[in-house]
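Line order of the protein sequences matches chains A and B. Add 22 to the 1-based position in the first sequence for our numbering, that's all there is to it. Add 1088 to the 1-based position in the second sequence for our numbering, that's all there is to it.
Hints in this document: simulated from the structure, not taken from any laboratory. Just so you know, not all the hints are guaranteed correct.
[Said to hold, decoys possible] Among the chain A residues that face chain B by a calculated CB cut under 10 Å, a handful are: (1) Gly209; (2) His418; (3) Val466.
Backbone N, C-alpha and C fix where the C-beta goes; we use that ideal spot for every residue, glycine too.
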Amino acid sequence: MTDARTLVLVIPHWPTIAAGVAYNCPAAVMHMNRVVDATPAAVEQRVVPGIRRREAQRLCPNLEMIDDNEARNARRFHLIVAALESVTPRVEISAGGWCSFPTRGPSRYFGGDQTLAQLVAERALDALCNTLSVTEVPRVIKPRVGIADSRFTACLAAFPKNLPLIQIVAPGTNSQFLAPFPVDTLGNKDSPLVDAADLIDVFRRLGLRTLGDVASLPSDHLLARFGSPGLLAHQLSLGIDGRTPQTHLISDVVTEESEIEPPTDRTETAVFLAKALAEEIHKRLSSEGLACARILVEVESEHGEVCSRYWRHEHHFTPTAITDRVRWQLEGWCHSTTGPTGRLSLVRLVADEVVPDDGRQLGFWGGEAFIDERVVRSLTRIQGMLGSDAVTVVEHREGRRLSDIEQRVSLAVTGFDPDRSVATPEATAAPWPGRLPAPLPAVVFQQTQQLIVTDAEGQPVRVNGRGQIGGDPAHIQGELLGSHLIVGWGGPWFLDERWWDPARKHRQARFQLLLADGTAHLCVVQSEQWWLEASYE
Amino acid sequence: MALAHDRTFPVVDELSGLFADRGIRRGSTIGVTGDAAVSLAVALSIGVARSGGWVVAVGLPFVGSMAASELGAELSRWAFIDRPGNQAGDVVHALTASVDLILVGPDIKLRADHGRKIVARMRERGTSVIAVGNPRPFHSRADVSLRIKRAAWTGIGSGHGRLISRRVEVEAIGRGANASPRRQLLWLPDGKGRLSIIDQSDGVKNSSRLIRAENKKVFSELTEPALRAS
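Construct the complete structure from the given sequences, taking the supplied hints into account.
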């Protein structure tokens, strides 16, 4: 298996780096209400990946929360990969912050694994410093390199933080290196095992606590008891990549290309074309029972500049996943300093590593199969027309102000999931004293509008720091509302949020105003200015 | 043979009385205007999402999602296209092929020829449109127009209380089977933020008018066959 000897480069805390936050201020990247990654400063306060939003806020009240964005991670990773291209042209990107390449050629050229690893670490560190525009970064976010006989082993050599920055597993010693790792590592995101949680649970209950324990069992017993996932787990624990690429199976490498006619400077057009190509490749491969695990995406501009990248998937690519990779690559390329000088003229996709498509068992009650294909298609088409952020879905967050609670998230970020649940007001109401009571306003303006509210004498109505109101509001004037008499009002209700944080604090008094024309509105007073926030339409 | 409920989208019981078919006919356009138009449009689409359909709101960036959720809307089956800009026609056209219900906001303007094409495609595919406010050209093509005739908030005084519920009177006028006007008195929202029918006995003034109208209807139904017979 010397062919599979692989180098893995990992930049720890990449999601936070890509989000552009300084590593010394506490911030966390969130996905689905859970912490995905946190800056070293936040980790010091015990904000670690996996904990819930509320828990993170409790541990670190001034934590800045950023939404995870796979596209952003991949886009900013472009610069790091570009720096490695002087070492080898075959860098494969798995996800933002994590890439790999086979070491056989480069290692011989540069004089051994140790030199190669050092070179890669240096190049990546330089590129990282450039990205952050600093001269020195702390050890926790320094690039980590692992080299081993299989991809899975190399990942395990690179990821853990207690190992040295460069970890080289000598050829043939994979299984000794892997033996002490806990069996949980089979379920890491870099593992080719799909849905491994159940299997790991059984292993643990059987007393198999480390990969060494699993490796010591006879493989035919594991195959008999657990089927192919069991065999794969055994091979992984031995340091063999379970699935060897089957490039020889297909007579010619599946290539699809399309000229962009006329050339365009809009990335969406190229992505749209790539989508058709991806579907064609997928169709051709699946008719032979195959799926694509690594894909080469090449884009050319009319001045002949080429950007080509390998993308790897731990399982296999769906057409949508390929399209995403094309979009990330294009956005990264077009926004970098070495980007194309002309318009885009050609897209080429090459499926250069294929594996047998062992399919995915769906839940008995449908799951993915129930997604209405037509809806997905038309919404994707609209994203193509208007830009990827044009189609949004609702997400309800926790908070007191409507603008904190009601969030629109791009469908491109959440993905299309008909079983997604949106929190209802009842479900989130209890723990936030100071929230608006039901009924809630049916119209919430995305931008608040200035108002002038006066009392019967025409004097502006003020609210003082103690919450006393200067006079009864009697007249209202605003650009959108026009000029009206006020016939009823309720309030003021006070809100003094995050008083400890000068950048995000809110100190406001809220009013409900009923106007002479029968309409009712939610207005706030902040720093002596009245604003129209929402209407009870 | 298509049954009536195959040809219509379900509507919550509180609103079904406004439609001759007890639901929104597939392929039809519903116009909604007046003070509580946004709430009413959201309330109308509850049934579609509950029965597994998809709702897309075009040009309605201001819909309060918490209020919609309070009314009973299943937001997991909603998508929003807030600013379609000058491609609104293409967007609505692309949607008519796939989603069940499209909400169109007041600032959306389609060219007349585009509008005709879309309405024809809606009929063919069975997609319905709820036009909120007066988006061109749907307002003139509405099969049923719902208008909020009266809306009055309760619970708020001057300097005390808060908004609790709103009485609305909805009037539906349409074509064909919906030609005769229908009225419905509703709490939109009631004290809990939901939608409910105003019990006709609790408002003396309105109920007497309703009884009179009811009597008139019963009378006309009684006399009509007689007239026809003669």
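**Study point:** Hint check against the structure, violated hint numbers in rising order
**Key:** 1
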